[in-house]
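Number of protein chains: 2
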Amino acid sequence: MNTAATYSLDTLPTPAVVLDGERAEQNIRRLADYAAQHGMGVRPHTKTHKSVEIARRQLAAGAVGLTVAKVGEAEALLPAFDDREPDILVAYPTVDSARASHVADLANHCTMRVALDTPAAIAALAGAASRAGTTVGVLVDLDVGPGRTGVPNVDALVTLAEAVTHAPGLRLDGIFFYPGHIWNPPAEQTTPLKAVADTLAEACDRFDRQGLSRDIVSGGSTPTAYQSHLVPQATDVRPGTSVFNDLNTLRGGFCTHDDIAATVLATVVSDAVAGQVVLDAGSKTLTSDRCVPTPDSGYGFLPDYPEAVVTKLTEEHAQVDIRGCPKPPSVGERVTIIPNHICPCINLQDTVWWKEPDGSLRPLTIDARGRLS
Amino acid sequence: MNTAATYSLDTLPTPAVVLDGERAEQNIRRLADYAAQHGMGVRPHTKTHKSVEIARRQLAAGAVGLTVAKVGEAEALLPAFDDREPDILVAYPTVDSARASHVADLANHCTMRVALDTPAAIAALAGAASRAGTTVGVLVDLDVGPGRTGVPNVDALVTLAEAVTHAPGLRLDGIFFYPGHIWNPPAEQTTPLKAVADTLAEACDRFDRQGLSRDIVSGGSTPTAYQSHLVPQATDVRPGTSVFNDLNTLRGGFCTHDDIAATVLATVVSDAVAGQVVLDAGSKTLTSDRCVPTPDSGYGFLPDYPEAVVTKLTEEHAQVDIRGCPKPPSVGERVTIIPNHICPCINLQDTVWWKEPDGSLRPLTIDARGRLS
Chain A
1 MNTAATYSLD TLPTPAVVLD GERAEQNIRR LADYAAQHGM GVRPHTKTHK SVEIARRQLA
61 AGAVGLTVAK VGEAEALLPA FDDREPDILV AYPTVDSARA SHVADLANHC TMRVALDTPA
121 AIAALAGAAS RAGTTVGVLV DLDVGPGRTG VPNVDALVTL AEAVTHAPGL RLDGIFFYPG
181 HIWNPPAEQT TPLKAVADTL AEACDRFDRQ GLSRDIVSGG STPTAYQSHL VPQATDVRPG
241 TSVFNDLNTL RGGFCTHDDI AATVLATVVS DAVAGQVVLD AGSKTLTSDR CVPTPDSGYG
301 FLPDYPEAVV TKLTEEHAQV DIRGCPKPPS VGERVTIIPN HICPCINLQD TVWWKEPDGS
361 LRPLTIDARG RLS
Chain B
1001 MNTAATYSLD TLPTPAVVLD GERAEQNIRR LADYAAQHGM GVRPHTKTHK SVEIARRQLA
1061 AGAVGLTVAK VGEAEALLPA FDDREPDILV AYPTVDSARA SHVADLANHC TMRVALDTPA
1121 AIAALAGAAS RAGTTVGVLV DLDVGPGRTG VPNVDALVTL AEAVTHAPGL RLDGIFFYPG
1181 HIWNPPAEQT TPLKAVADTL AEACDRFDRQ GLSRDIVSGG STPTAYQSHL VPQATDVRPG
1241 TSVFNDLNTL RGGFCTHDDI AATVLATVVS DAVAGQVVLD AGSKTLTSDR CVPTPDSGYG
1301 FLPDYPEAVV TKLTEEHAQV DIRGCPKPPS VGERVTIIPN HICPCINLQD TVWWKEPDGS
1361 LRPLTIDARG RLS
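Heads up: the protein sequence lines correspond to chains A and B, in order. Take 1 as the starting number for the first sequence in this note's numbering and just add one per residue. Take 1001 as the starting number for the second sequence in this note's numbering and just add one per residue.
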């Protein structure tokens, strides 16, 4: 796929991820404008795209820094900062010496922060930072609802923050939260986000009274992105998926069809079984992730064949029930799929294709793919 | 990860896929011995490992050729044949000119066969083979139950085979089938495999009477691998997963625990939420594939913590319910996970780690990863 050949949508080998460049740029700008309007920073989560070019576009639109899940991703995306000092948040606890040392090494050259939630992570990172003779910023992680990471209450958060202030090589920079449990339609997010805001207000108050730094209060998700102002304590937000969107965000009511900037181009390879066509985009392209708001809707959506249902994926085959289609796609035809979840799809690609306004396709490298730790 | 550093299981950066070399070699030999005993060939499906080294081991054990899902994989695995003439079956219909031309180009240098099920695929491949001045072997695909690809009955198969014999550049080599619908325990496979055998007997009889070649009748799957003799018409079998096994094959009763040759090594990164630990192996490592025989058993199994349940995966987090564990794993500890489905896990790795009998780890490149079409 890393060929210099000039492809069009009619000739690009399939399966392939195609980015609508104008829409991606528009999604980046829209979030930047919203955040600026509310006096918040954007620290986009790059797990969605893992691309230097996309990260560079996000920074050009005003992002205050980048968020990554893996330390290896931080390293791969450093070139996106160009002449600016890199500012990277690792939104993942670095409890092992390999990751902690990697963070500390990078901190010698740029601003590195880690979100963490255990004394073990503090010890690992403090040890690594001390050995490297550097300082790493820390955000302490408060669970506001998802129950994935984060300490359960403000008392525990304050205890964790105090431990950070006593650890060598670490600098307490503030609070980290993730409202990943909120998938309500935007109009119904007021109550759950008010609960998050109340918890954060209590946390900020305690931090202030005890003299604990909280220059950064970092939150946000794609579903809640444009309601982030309902949590006024947040200084920055970290949406990932909103740069491209997918069926999760479309069906959740978090974007419109015109905001879908990433799709999978696939070819119909078989119609031998009655009532069905098979596409060359299986679980090794679309992943087995279900659509969160509509878990029984199948494995993606074909906008040109809205009655079609992707009923089953195996590794290289998508079985599509076309019995409801007035005119189903035929063998050899290319079809567009909106994936349920775009982030793991892009993670399966070495290269995706950026579509320019004139329809031409340009290869875009997924620079941070395969950085596992 | 492609470092020359010497790692042990205590120092290998996580998450990582670790292969037990002795077990993998044993799995390869066992299938080879079984097939030899029953006078069948093995044409292993390399989609599981995508590795030149593993393919070379399978060929050394007597495999008659290799099976691939993608033409790009065929190309990547050619070195496995060393001095022997490559013999590759593309178990996937090549209906588009790009794939068909790629097959034809390779056919100029080695034996290439394609399984197909539509006149469109015949036309595409015949055109490409003619343009390249070469001959491509064809197996016609009969649906024996899975309803994924393959024509529905013997009449349609004979029609398809006759079309192949009239197409320039193509050589009819026989019949392709995939008993992928059979997930019964081995002791309960007799009846469904008898039905497959009856259909194939009818097909072979018709082929013989009409003078259609069927030198190859290729079938098999991992669940049915060691019952393949119940389909005596098959000349070769194409199991993929059996080289490593996974929770699907273990829970299905198709292997024992001692046959599990591939596991994921992960680190506990958080225990901040009560009753739970979080591992650094999310859906970007384990995939969201469920266990076919036990779909509600979670996303993998921790053999050292059998009471633990991997309840939820997000991209980089596995949430593990440890409330049933007498002594749960602690933060920083490394744990072993048997994935539900090993094939898409390995597809996410650039490098996996081959464990030698002395415990040392050697990097093994996933050569054909990322070959999309």
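It should be emphasised that the hints constitute simulated quantities derived from the structure, not laboratory data. Please note that a few of the clues may not be correct.
To give an idea of the interface, some chain B residues facing chain A are shown, with a C-beta separation under 8 angstroms as derived from the structure [as the list claims (entries may be wrong)]:
hint : residue
1    : THR1118
2    : GLY1211
3    : ASP1215
4    : GLY1359
5    : SER1373
The beta carbon of each residue, even a glycine, is placed where N, CA and C say it ideally should be.
Structure-inconsistent hints, enumerated in ascending order: Numbers 2, 3, 4 - these are the hints that the structure violates, sorted from lowest upward.
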